[in-house]
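These protein sequences, in sequence, are chains B and S.
Position 62 (the first sequence) corresponds to 62 in this note's numbering; numbering is contiguous.
Position 7 (the second sequence) corresponds to 7 in this note's numbering; numbering is contiguous.
Hints listed in this document are in silico derivations from the structure and should not be mistaken for laboratory results.
The structure presented is a predicted model; accordingly, all values stated were derived computationally and were not measured.
Careful, some of the hints might be misleading.
Subject to a maximum C-alpha distance of 27 Å in a straight line, what follows is the list of computed DSSO-like cross-link-like pairs (lysine-lysine) [claimed, not checked]:
hint : chain 1 : residue 1 : chain 2 : residue 2
1    : S       : 35        : B       : 29
2    : B       : 88        : B       : 144
3    : B       : 52        : S       : 61
4    : B       : 47        : B       : 111
5    : S       : 35        : S       : 61
6    : S       : 98        : S       : 61
7    : B       : 144       : B       : 29
8    : S       : 35        : S       : 96
9    : B       : 111       : B       : 52
10   : S       : 120       : B       : 88
11   : B       : 144       : B       : 83
12   : B       : 83        : S       : 120
13   : B       : 111       : S       : 120
14   : S       : 120       : S       : 35
15   : S       : 35        : B       : 52
16   : B       : 29        : B       : 52
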Amino acid sequence: MNLLAFTIGIFIFSIVFQLFTGIWLFFEKYSINPEYISELIRGNPEKFINPKSVLGILEITVPHLLAVSLTVFVILHFFYFSKINMFKIVLSLTVFISGILDIVSNVLILKISPVFSYVKVLSFLLFEIGLFISLVLVGLSSYKHLRQQNH
Amino acid sequence: MRFFVQHKKSEFISLLVVLFSLTFYLFIFFSVLLKFESNQFFPEEIVLDINGNLDEFIEPKELTALIENIHINLFINLIGFLSIAGILFRTLINHKLKILLVFVGFLSILIYPLSLLGIKFLWEGFGYLAFASFLLIIIVFFVVNSINILSFLNGKIR
Chain B
1 MNLLAFTIGI FIFSIVFQLF TGIWLFFEKY SINPEYISEL IRGNPEKFIN
51 PKSVLGILEI TVPHLLAVSL TVFVILHFFY FSKINMFKIV LSLTVFISGI
101 LDIVSNVLIL KISPVFSYVK VLSFLLFEIG LFISLVLVGL SSYKHLRQQN
151 H
Chain S
1 MRFFVQHKKS EFISLLVVLF SLTFYLFIFF SVLLKFESNQ FFPEEIVLDI
51 NGNLDEFIEP KELTALIENI HINLFINLIG FLSIAGILFR TLINHKLKIL
101 LVFVGFLSIL IYPLSLLGIK FLWEGFGYLA FASFLLIIIV FFVVNSINIL
151 SFLNGKIR
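The task is simple: from the sequences and hints, build the whole structure.
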């Protein structure tokens, strides 16, 4: 078996698992309801929910900013080895921007407006779907490349 | 359109690098903000956070907590700097300047956690070294990232 294809295959499988745990964690923690997300972050005295501290949010934001941008960069750079069309360019922009918005929106919800909880939900969905499509495209092009090499 | 997109294929990587670098600016900004918010930015604050002050009922940081902190931060800084340094080597700036930036960057990334341990075990004066090395990390990150963005936007790359 081609070592490169094997490595890319394992990498894609692991990132899909990572996506799955990310979605699971999001639903466990926030659900998909923007009002509930806003309450969790800004607090609600009537329901005895304390607001999150800036420090607590930053401790999650900083490592995620680096981890998400690096992972997305690594996955998307595989597009370079196949034909690049406008769809892939738009997909890349969508995944990058939605990923960053998803992370930064916690700070924006706490410090600026609860409206950003809608941005959080939307960017989370866009990021997960976009990254999944990117992984499928990378997997398919690697498989095609491997088949061409074998024939 | 298809010809146009294929013709610009190499520019796709430039787009990814610019997007990554813009995100890295956010990472730098939030890293500094995190140090401010956690009262670990200035030398006196760093020393107080690690050694505590019994007169003010501030407990010293446990060794396990300190090592945990170092363990996570060292990895994040190293992998982040490795990424932007890798991009820096594709730019056309002076080779000696590249070496200097990479050397200073990695050195300050290593000195920062060592000085935190120095505060815990040796001398409070290491607080100033921790402060200086963190500033140096941020400055080098900012300079390297800016060189990367400008080079890739202007096409001055190998």
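Task: 27 Å limit on alpha-carbon distance, applied to hinted pair residue 52(B) and residue 61(S) - done: holds, 23 Å
Open item on the list: Tell me if the straight-line CA distance from residue 47(B) to residue 111(B) falls inside 27 Å.
Closed with: holds, 20 Å
TODO: For the pair we were handed, residue 120(S) and residue 88(B), check the Cα-Cα distance against 27 Å.
DONE: violated, 51 Å
Task: Given hint residue 120(S) paired with residue 83(B) - CA-CA distance at most 27 Å - done: Violated: residue 83(B) and residue 120(S) sit about 55 Å apart, past 27 Å.
TODO: Would you check the hint for residue 144(B) and residue 83(B), treating anything up to 27 Å between C-alpha atoms as holding?
DONE: holds, 12 Å
Open item on the list: Between the alpha carbons of residue 35(S) and residue 29(B), is the straight-line distance 27 Å or under?
Closed with: holds, 26 Å
Open item on the list: Would the hint linking residue 144(B) and residue 29(B) be met if the CA-CA limit is 27 Å?
Closed with: violated, 39 Å
- [ ] With a cut-off of 27 Å on the C-alpha distance, tell me whether residue 35(S) and residue 96(S) pass.
- [x] violated, 32 Å
Task: Proposed proximity, residue 120(S) with residue 111(B) (alpha carbon, max 27 Å) - done: violated, 35 Å
TODO: For the pair we were handed, residue 35(S) and residue 52(B), check the Cα-Cα distance against 27 Å.
DONE: holds, 17 Å
TODO: For the pair we were handed, residue 120(S) and residue 35(S), check the Cα-Cα distance against 27 Å.
DONE: Judged against 27 Å, a Cα distance of about 18 Å means the pair holds.
Open item on the list: Does residue 61(S) sit within 27 Å of residue 98(S), going by the straight-line distance between their CA atoms?
Closed with: Not satisfied, since the Cα-Cα distance of roughly 37 Å exceeds 27 Å.
When the structure is compared with the earlier hints, violations turn up for hints 6, 7, 8, 10, 12, 13 and for no others.
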